[in-house]
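Asks: Each chain, letter by letter, is given below.
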Amino acid sequence: MSAEIHFDHPPLDEVVCGVHFAGVKWSHIHFGLYYTEMGERYPHTQHRPPVSLFESRGSEGLQIELMTEPQLPLLWYESPDSPFLLQVQKDAFFVNWRRQSGTFVYPHFHTREGGGQGVWDRFVSEWETFRTFCDKQAIGTPEVLACHLAYINHMVHEAEWDDPADLAQWFHLLAGVKGSSSVSTMNMTITQARRLPLRINVRPAIRISDKKKLFVIDFIITAKLPPEADLQTWFDEAHQVIRDEFLAQTTKEAQKQWGLSYG
Amino acid sequence: MASGLLQHADSLAREAPYGERYWARATSGTSAAEGMTEGDFAAEFRTEPFEAIRTLRAFVEFGLVTAVDATKWLFPLILKARGNLREHIYETLLHWEEPDAILIAALAEYYKHGNEERLALAASLLADIGAPALPTLRILVRSGSPECEMFVSVIARLRGVSVQSRLAILAQVPANPSADVRYSLLEALRAFGPHEGIPLLQTLSHDEDPDIADEARARLESLEAELQQG
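So the protein sequences, as listed, match chains G and E. For the first sequence, our numbering begins at 610 and goes up steadily by one. For the second sequence, our numbering begins at 2 and goes up steadily by one.
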């Protein structure tokens, strides 16, 4: 593994670790039963529309799934005291780390000495709890089909840029941007010698808390878990791909401004 | 640049062995919103109207909601608003300057619920928008609808528009089937100098409605007397 890096104040807003799974007979009641186990740490829930995270893409065209039962939602389990959020739906499980207001404290991907629990370690622990819950309920053992790792960065108006063209000072891939319209639907995929395809999306958005304009710049890897691979190997590789590409796609000046250090 | 990147991305995605089936957006527990629906806006407006307008303005400013849509969402809410909120809505609609959307929203609401105040508010907004509202007003007059009545005086006084252009649009008003609309032209012509309004008064003096025709003839006689004295 390459040297660990640290940023004092990066544009990172959120990190998501998740898996798509099969083999579990999940129903409405399990959201409640799961809450009875998790409610002490994640007292608040929110119903959300289920995500079609692992959608087909390519030339096969529109796919229609006939459903005989109401669609099960995605549920958020969260706590005002914690930067971590659990997202659960019948065939997917995610742990999000979200930036809290105030001082930036990111526990890193892997737990570091003297720091808080890393995102990966929190994911492993919550995933294990979830698997145990499924076993206990006798609804099957989740079999991971694919994994998802996303780093979500926010480039905020009047903090990092005044004109969208200023984004080129931070990200090489945005060199040549002239106005917000030209980045409104930008997305690109970078595939390298590695097996995992990295997708970078750039989208305009509004920060809900203060209505600030910003650009969301996601670094996302979503891919099958090969039969021979384990979760840790997949996530370590994905983390490294995103980390390396983030360093490659950001300017030296940006890295300096964000307080990059090694080791 | 963006389209170039998209093409590049598509070609790469086709080559990606693990990318064909799985293609995801980040599953964000989001602190940022990339869009807004009328329902989102209406829900926030019910509890925090000023904040909802602030949010909507931010979305419009960043191109995530069009000013046309935002105008159509906001205009219907002005009627029930009072005091500062009504002023704030009015200023926001003026700021977006979408005369077509204002008129469409006003007419739609009026046809659905009645109440001429809706049309009066739209007329006032178009008057304050000034010259950019001219094409909208031209289309309205050409439509020959009875709702033109509220807008005839706006056209007559529209700032930033030449006398000739205003009169050219008003020249279609005598053909409007509604006597109320044609009568409103008599009043609106007071906005012009004595010579400027004479051709339209002459047309109205032959109006099928005797009240309009009589009034137009009386105004013509009065103008002629003034001109002779002057």
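Everything labelled a hint here was simulated from the structure, so no lab data went into it. It is possible that some hints are incorrect.
[Claimed, not checked] Chain G stretches covered by chain E per the calculated footprint, using a threshold of three residues with CB under 8 Å from any CB of chain E:
no.: 1; stretch: 613-621
no.: 2; stretch: 681-694
no.: 3; stretch: 702-711
no.: 4; stretch: 808-819
Please read these numbers as outputs of a predicted model, since none were measured by experiment. Where is the CB? At the ideal position from N, CA and C, for every residue including glycine.
Asks: Work down the list of hints and note, for each, if the structure agrees.
Replies: Hints, verified against the model:
| no. | hint | verdict |
| --- | --- | --- |
| 1 | 613-621 | violated (count 0) |
| 2 | 681-694 | holds (count 3) |
| 3 | 702-711 | holds (count 4) |
| 4 | 808-819 | holds (count 9) |
Figure legend: structure checked against the earlier numbered hints; the only hint not met is number 1.
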